[in-house]
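*Asks:* Given next are the chains, with one letter for each unit.
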Amino acid sequence: QKEVEQNSGPLSVPEGAIASLNCTYSDRGSQSFFWYRQYSGKSPELIMFIYSNGDKEDGRFTAQLNKASQYVSLLIRDSQPSDSATYLCAVTGYSTLTFGKGTMLLVSP
Amino acid sequence: GAVVSQHPSWVICKSGTSVKIECRSLDFQATTMFWYRQFPKQSLMLMATSNEGSKATYEQGVEKDKFLINHASLTLSTLTVTSAHPEDSSFYICSATPDTFSNQPQHFGDGTRLSIL
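Here the protein sequences come in this chain order: A and B. Here my numbering is used: the first residue of the first sequence is -6, the next is one more, and so on. Here my numbering is used: the first residue of the second sequence is 3, the next is one more, and so on.
It should be emphasised that the hints constitute simulated quantities derived from the structure, not laboratory data. Certain hints may be false.
[What the hints assert, rightly or not] As a list, the in silico BS3-like pairs of lysine-lysine whose alpha-carbon atoms are at most 27 Å apart:
id : chain 1 : residue 1 : chain 2 : residue 2
1  : A       : K49       : A       : K(-5)
2  : B       : K68       : A       : K(-5)
3  : A       : K35       : B       : K22
4  : B       : K22       : A       : K(-5)
5  : A       : K94       : A       : K49
6  : B       : K16       : A       : K(-5)
7  : B       : K43       : B       : K57
8  : A       : K60       : A       : K(-5)
9  : B       : K68       : B       : K43
10 : B       : K68       : B       : K57
11 : B       : K68       : A       : K94
12 : B       : K16       : A       : K60
13 : A       : K35       : A       : K(-5)
14 : B       : K66       : B       : K22
15 : B       : K43       : B       : K16
16 : B       : K57       : B       : K22
17 : B       : K22       : B       : K68
18 : B       : K16       : A       : K94
19 : B       : K66       : B       : K16
20 : A       : K35       : B       : K43
21 : A       : K60       : A       : K35
22 : A       : K49       : A       : K60
23 : A       : K(-5)     : B       : K57
24 : A       : K35       : A       : K94
25 : B       : K16       : B       : K68
26 : B       : K43       : A       : K94
27 : A       : K(-5)     : A       : K94
28 : B       : K66       : B       : K43
29 : B       : K43       : A       : K(-5)
30 : A       : K35       : B       : K66
[As the list claims (entries may be wrong)] Pairwise CB distance ranges, derived in the manner of DEER restraints:
id : chain 1 : residue 1 : chain 2 : residue 2 : range
31 : B       : M47       : A       : Y44       : 31 to 41 Å
32 : A       : R70       : B       : M47       : 44 to 54 Å
33 : A       : Y44       : B       : H87       : 35 to 45 Å
34 : B       : T84       : A       : E(-2)     : 48 to 58 Å
35 : A       : R70       : B       : E89       : 38 to 48 Å
36 : A       : K35       : B       : E89       : 34 to 44 Å
37 : A       : K49       : B       : M47       : 19 to 29 Å
38 : A       : K60       : B       : S117      : 35 to 45 Å
39 : B       : K68       : A       : E(-2)     : 22 to 32 Å
40 : A       : G2        : B       : P88       : 26 to 36 Å
These numbers come from a predicted model, not from an experiment. All residues carry an ideal CB built from backbone N, CA and C; glycine is no exception.
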């Protein structure tokens, strides 16, 4: 059974701080890794995707992948109250996506 | 970016009614579409994988006769909840990807909130 684990949170950070969201996965054959943001009552929105070991930066977001440790993370710099949402980690090995349960992030003004 | 449209956004209906939800990829052809269900404060659960021109693949525990999926074209998949009951009330979300066998991410529709009275 493929599993994707995330701390449910909530992770509380003050405005302007760096938020660090973590995810581990069980399937060593996983090839693609995605971070989605989901606001309450809304559908998921793609934030970042990463395929290779290392860091990938896009604006205030940085995704980090370590396949040896089966670990992927998302860093949000200069966190804003509008970043408050649930962040879903999703993993696939060229088939269906397996989602984690998500980490709730709360950014306080 | 890739756009997936889902309709309707909200459905409230009586028990025993059948409800059809449409999912359209607006700016790309989607060989494969996915249907998810999400209960409050829970994660997305994949219900089925919809392949254009062939039968859908259902996840374990999902009743194929209850949740009818049709993917008649490369831009449209439909989910019909037949004889819906209150326990079917949930948030149903579709997603699509331009290429099933690549790294392309899935793009989600806005979801359909289904309430069965």
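*Asks:* It remains to establish, for every hint, whether it holds in the given structure.
*Replies:* Verification of the hints:
no.: 1; hint: A:K49 with A:K(-5); verdict: holds, 24 Å
no.: 2; hint: B:K68 with A:K(-5); verdict: holds, 26 Å
no.: 3; hint: A:K35 with B:K22; verdict: holds, 20 Å
no.: 4; hint: B:K22 with A:K(-5); verdict: violated, 31 Å
no.: 5; hint: A:K94 with A:K49; verdict: holds, 23 Å
no.: 6; hint: B:K16 with A:K(-5); verdict: violated, 37 Å
no.: 7; hint: B:K43 with B:K57; verdict: violated, 31 Å
no.: 8; hint: A:K60 with A:K(-5); verdict: holds, 15 Å
no.: 9; hint: B:K68 with B:K43; verdict: holds, 24 Å
no.: 10; hint: B:K68 with B:K57; verdict: holds, 15 Å
no.: 11; hint: B:K68 with A:K94; verdict: holds, 26 Å
no.: 12; hint: B:K16 with A:K60; verdict: violated, 49 Å
no.: 13; hint: A:K35 with A:K(-5); verdict: holds, 25 Å
no.: 14; hint: B:K66 with B:K22; verdict: holds, 14 Å
no.: 15; hint: B:K43 with B:K16; verdict: holds, 24 Å
no.: 16; hint: B:K57 with B:K22; verdict: holds, 17 Å
no.: 17; hint: B:K22 with B:K68; verdict: holds, 12 Å
no.: 18; hint: B:K16 with A:K94; verdict: violated, 31 Å
no.: 19; hint: B:K66 with B:K16; verdict: holds, 21 Å
no.: 20; hint: A:K35 with B:K43; verdict: holds, 12 Å
no.: 21; hint: A:K60 with A:K35; verdict: violated, 31 Å
no.: 22; hint: A:K49 with A:K60; verdict: holds, 14 Å
no.: 23; hint: A:K(-5) with B:K57; verdict: holds, 24 Å
no.: 24; hint: A:K35 with A:K94; verdict: holds, 15 Å
no.: 25; hint: B:K16 with B:K68; verdict: holds, 16 Å
no.: 26; hint: B:K43 with A:K94; verdict: holds, 9 Å
no.: 27; hint: A:K(-5) with A:K94; verdict: holds, 13 Å
no.: 28; hint: B:K66 with B:K43; verdict: holds, 25 Å
no.: 29; hint: B:K43 with A:K(-5); verdict: holds, 21 Å
no.: 30; hint: A:K35 with B:K66; verdict: holds, 26 Å
no.: 31; hint: B:M47 with A:Y44: 31 to 41 Å; verdict: violated, 25 Å
no.: 32; hint: A:R70 with B:M47: 44 to 54 Å; verdict: violated, 32 Å
no.: 33; hint: A:Y44 with B:H87: 35 to 45 Å; verdict: holds, 42 Å
no.: 34; hint: B:T84 with A:E(-2): 48 to 58 Å; verdict: violated, 35 Å
no.: 35; hint: A:R70 with B:E89: 38 to 48 Å; verdict: holds, 43 Å
no.: 36; hint: A:K35 with B:E89: 34 to 44 Å; verdict: violated, 23 Å
no.: 37; hint: A:K49 with B:M47: 19 to 29 Å; verdict: holds, 28 Å
no.: 38; hint: A:K60 with B:S117: 35 to 45 Å; verdict: holds, 42 Å
no.: 39; hint: B:K68 with A:E(-2): 22 to 32 Å; verdict: holds, 30 Å
no.: 40; hint: A:G2 with B:P88: 26 to 36 Å; verdict: holds, 30 Å
This entry does not satisfy hints 4, 6, 7, 12, 18, 21, 31, 32, 34 and 36, going by the numbered hints stated previously.
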